[in-house]
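As given, the protein sequences belong to chains G and H, one line each in that order. If you use numbering that gives the first Met the number 0, the first sequence corresponds to residues 0 to 313, in order. If you use numbering that gives the first Met the number 0, the second sequence corresponds to residues 0 to 313, in order.
Just to be clear, a hint being listed does not mean it is correct.
Restricting the straight-line Cα-Cα distance to at most 30 Å, the calculated cross-link-like pairs of lysine-lysine (DSS-like) are [to be verified]: (1) G/K147 to H/K282; (2) G/K276 to H/K75; (3) G/K200 to G/K240; (4) H/K147 to G/K124; (5) G/K229 to G/K240; (6) G/K75 to H/K147; (7) G/K240 to H/K282; (8) G/K229 to G/K197; (9) G/K282 to G/K229; (10) G/K147 to H/K75; (11) H/K276 to H/K240; (12) G/K266 to G/K276; (13) H/K124 to G/K75; (14) H/K266 to H/K229; (15) H/K75 to G/K124; (16) H/K75 to G/K281; (17) G/K240 to G/K124; (18) G/K240 to H/K240; (19) H/K98 to H/K21; (20) G/K214 to G/K229; (21) H/K147 to G/K147; (22) H/K75 to G/K282; (23) G/K240 to H/K281; (24) G/K147 to H/K124; (25) H/K276 to G/K75; (26) G/K277 to G/K229; (27) H/K281 to G/K75; (28) H/K282 to G/K282; (29) H/K240 to G/K281; (30) G/K282 to H/K147.
Chain G residues, not near chain H, derived (Cβ > 12 Å throughout) [what the hints assert, rightly or not]: (31) M0; (32) Q18; (33) N30; (34) Y99; (35) V208.
Quick partial rundown of chain H residues pointing at chain G, CB under 8 Å, derived from the structure [what the hints assert, rightly or not]: (36) S127; (37) L159; (38) R175; (39) N248.
Note that these hints are calculated values from the structure, not bench results. Quick reminder that beta carbons are idealized off the backbone N, C-alpha and C, glycines included.
Protein chains: 2
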Amino acid sequence: MYIGIDIGGSHISAGLVNQDGKIISRAEVPNNSRRDYKEISKDLADLCKQLMDSANLSLKDIQSIGVGIPGSCNDKIGESIYANNLNLSHAPIRAEFQKYIPYPIHIENDANCAALAENYFGAAKGASISITITLGTGIGAGIVIDNKIFSGFNSCGSELGHSVIVVDGPLCTCGRNGCFEVFSTTQGLIRIAEDLLKNNKNSDIFKQVNGDLSKINGKIIFDAVRNQDKIAEEILSIYLKYLSEGIVNIENFLMPEVIVLGGSISKSGDIFLEPLKKLVAKKVYAGNRIPHADIRLAQLENDAGIIGAAMLGR
Amino acid sequence: MYIGIDIGGSHISAGLVNQDGKIISRAEVPNNSRRDYKEISKDLADLCKQLMDSANLSLKDIQSIGVGIPGSCNDKIGESIYANNLNLSHAPIRAEFQKYIPYPIHIENDANCAALAENYFGAAKGASISITITLGTGIGAGIVIDNKIFSGFNSCGSELGHSVIVVDGPLCTCGRNGCFEVFSTTQGLIRIAEDLLKNNKNSDIFKQVNGDLSKINGKIIFDAVRNQDKIAEEILSIYLKYLSEGIVNIENFLMPEVIVLGGSISKSGDIFLEPLKKLVAKKVYAGNRIPHADIRLAQLENDAGIIGAAMLGR
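Start from the sequences, fold in the hints, and give me the full structure.
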């Protein structure tokens, strides 16, 4: 049995995970951006105890404990190095955790955990090289090579969202201009919609939000696409153009066997996936002369963080 | 002792390479784009025999034979899969070679061979992850992880030149628009120069080519930069802006320990390297909060292909 813990901005979620990647039991505590690594590490230990108690297990029954963190981690030294949204920069989480439970613990970036979970048990099961990309309010991405997370010499790699696809484009949170993340998040989709709707007030979307463009969200846009609203189709087409450029860049760089797309946008399913696949196939290097990555929708979604963290020590 | 062979468009060059990566003896035959894999494979065998004879060695003294090819290769099946400029698509080179010499032979993309050589014996010696990029008439690139070439599930990866940095930018040879290769080759540098010189006829460069812009080359531009010609400095500054965006993309993706730059442009040395390093340091993800790749000039240059090919079976 394994324990996986996913540290999020509002909650810390933990699960007892079996060798087939199924979550057998769960536990959760609240979190916020001000708490430091000492408070969080105590929570991690408490959650482990709670999970073991619930299943009447002791430490000798646990094969490994892993923790996913929304930031850059260095598992070699057991530290969270840099976290944008939490108080976890240069935080020696492992040493602090071990004050409560003297047991090995692995720490890793949460997007990398999700990628590992999809590679072990989800959409990329069995792939020799897979990349999992979460399209949400930001871009999360993880690279798995031969069942192991690849994150560069400094453990901070696979920042696939922060590659410029439009030099001098709109400003990104990372300080550069025109990053893939700027165009491929939900915010990127909404920005395209806002631009087009200014001069197209007879779209379904405009009616849905009663003319208040600040109320547009991804669901409203995709619902309008399903209703064959012309403006919504144009919004999706522009969005997919930029998304496909970023995906082709990733393919040409790394030639993974499988690319997994997760996050809120991917939940729109085939209406998004099928036209994306066609665009990618048209642009990818050497076209149909060589085999290329299969692009699939994520299967584990919100549980991927816990499951992947649990597998870190496997 | 090892044998490395580098198949080029005009010549096939071979070398007997010792375990320290030194070329002990050389042999060469002409090549052209029309010759097929059967003719070329016979040449490979003849070159091997010639090298062994020259050093009074037999096959039992040779630890491995490797061949670098300007195209995509699959060493698992011993075939050259796709070559843009040579008649070597779907060519079973290994099987054909073994008709003449019944001995294991490894085949690999030539840019990957160069990257392996720099990682073993050159500018990236000892790096856990290195990327070698050749800036010439095209962009060649190879990724080395833990002393092994990484080229994706289909052996065709690390096409780092074919990642779009300007959506809807100028057309690339791969069929996409705005690839890194369009901006970072010698041709990219010259295009910037041509654009600027149309309206700036009192530049040194304009005088050097007697007003004939078709005669501009990289050397003339860099010479003018050294003479502090304002227009030449502006040309270099625009070139470095695009080059640095591509390099930062590569860093953020893969976080290599070392990035090696080779090819004709990199021969300009510090005048090019130092400002490039500054631009990259400003833009790279998480800035100085985490360690980053060291950017260095290639050391092995024209010999890298032979030396790397020789190391394929090591």
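Hints, one by one, checked against the model:
Restraint check: the Cα-Cα separation between G/K147 and H/K282 comes to about 28 Å, which is no more than 30 Å; the hinted pair holds. Simply put, G/K276 and H/K75 have alpha-carbon atoms about 28 Å apart, close enough for the 30 Å limit, and the pair holds. Among the hinted pairs, G/K200 with G/K240 is consistent with the structure: their alpha-carbon atoms are about 23 Å apart, no more than 30 Å. A hinted pair counts as satisfied when its Cα atoms are at most 30 Å apart, and H/K147 with G/K124 qualifies at roughly 24 Å.
With a C-alpha separation of about 17 Å, the suggested pairing of G/K229 with G/K240 holds against the 30 Å cut-off. Between G/K75 and H/K147, the direct Cα distance comes to roughly 22 Å. Compliance with the 30 Å bound is thereby established for this hinted pair. Distance hint between G/K240 and H/K282 is fulfilled; the C-alpha atoms sit about 25 Å from each other, no more than 30 Å. Of the supplied pair hints, the one linking G/K229 and G/K197 holds, its CA atoms being roughly 15 Å apart against a limit of 30 Å.
The straight-line distance between the Cα atoms of G/K282 and G/K229 is roughly 25 Å, inside the 30 Å bound, and the hint therefore holds. With a C-alpha separation of about 22 Å, the suggested pairing of G/K147 with H/K75 holds against the 30 Å cut-off. A hinted pair counts as satisfied when its Cα atoms are at most 30 Å apart, and H/K276 with H/K240 qualifies at roughly 11 Å. Straight-line distance between C-alpha atoms of G/K266 and G/K276 comes to about 16 Å, which keeps the hinted pair within the 30 Å bound.
For the hint linking H/K124 to G/K75, the alpha-carbon distance of about 23 Å falls within 30 Å, and the restraint holds. For the hint linking H/K266 to H/K229, the alpha-carbon distance of about 21 Å falls within 30 Å, and the restraint holds. With a C-alpha separation of about 22 Å, the suggested pairing of H/K75 with G/K124 holds against the 30 Å cut-off. Using a Cα cut-off of 30 Å, the hinted pair H/K75 and G/K281 holds, with the two alpha carbons roughly 27 Å apart.
Only pairs whose Cα atoms come within 30 Å are accepted, and G/K240 paired with G/K124 is accepted, the gap being roughly 28 Å. A hinted pair counts as satisfied when its Cα atoms are at most 30 Å apart, and G/K240 with H/K240 qualifies at roughly 25 Å. Distance hint between H/K98 and H/K21 is fulfilled; the C-alpha atoms sit about 29 Å from each other, no more than 30 Å. Straight-line distance between C-alpha atoms of G/K214 and G/K229 comes to about 19 Å, which keeps the hinted pair within the 30 Å bound.
The hinted pair formed by H/K147 and G/K147 meets the criterion: a straight-line CA distance of about 16 Å does not exceed 30 Å. For the hint pairing H/K75 with G/K282, the CA-to-CA distance comes to about 26 Å; that is within 30 Å, so the pair holds. Restraint check for G/K240 and H/K281: satisfied, since their Cα atoms lie roughly 29 Å apart, inside the 30 Å limit. Proximity of G/K147 to H/K124 is assessed by CA-CA distance (about 24 Å); at most 30 Å being required, the pair is judged to hold.
Restraint check for H/K276 and G/K75: satisfied, since their Cα atoms lie roughly 28 Å apart, inside the 30 Å limit. In summary, the hint linking G/K277 to G/K229 is supported, as the alpha carbons are separated by about 20 Å, within the 30 Å threshold. Proximity of H/K281 to G/K75 is assessed by CA-CA distance (about 27 Å); at most 30 Å being required, the pair is judged to hold. Proximity of H/K282 to G/K282 is assessed by CA-CA distance (about 27 Å); at most 30 Å being required, the pair is judged to hold.
Restraint check for H/K240 and G/K281: satisfied, since their Cα atoms lie roughly 29 Å apart, inside the 30 Å limit. Restraint check for G/K282 and H/K147: satisfied, since their Cα atoms lie roughly 28 Å apart, inside the 30 Å limit. The non-interface label for G/M0 is consistent with chain H: the shortest C-beta to C-beta separation is roughly 31 Å, beyond 12 Å. Once the 12 Å rule is applied to beta carbons, G/Q18 is consistent with being away from chain H; the minimum gap is 26 Å.
Every CB of chain H lies more than 12 Å from the CB of G/N30, the least distance being 22 Å, so the non-interface label holds. The beta carbon of G/Y99 sits about 28 Å from the closest Cβ of chain H, which is more than 12 Å, so the claim that it is off the interface holds. Distance check on G/V208: its Cβ is at least 28 Å (rounded) from any Cβ of chain H, clearing the 12 Å threshold; non-interface status holds. Because the beta carbon of H/S127 sits about 5 Å from the nearest beta carbon in chain G, less than 8 Å, this interface hint is met.
A cut of 8 Å between beta carbons decides the hint on H/L159: the least distance to chain G is about 6 Å, and the hint holds. Taken as an interface hint, H/R175 checks out: its beta carbon lies about 5 Å from the nearest beta carbon of chain G, inside 8 Å. Taking 8 Å as the C-beta contact cut-off toward chain G, the hint placing H/N248 at the interface holds, the least distance being around 4 Å.
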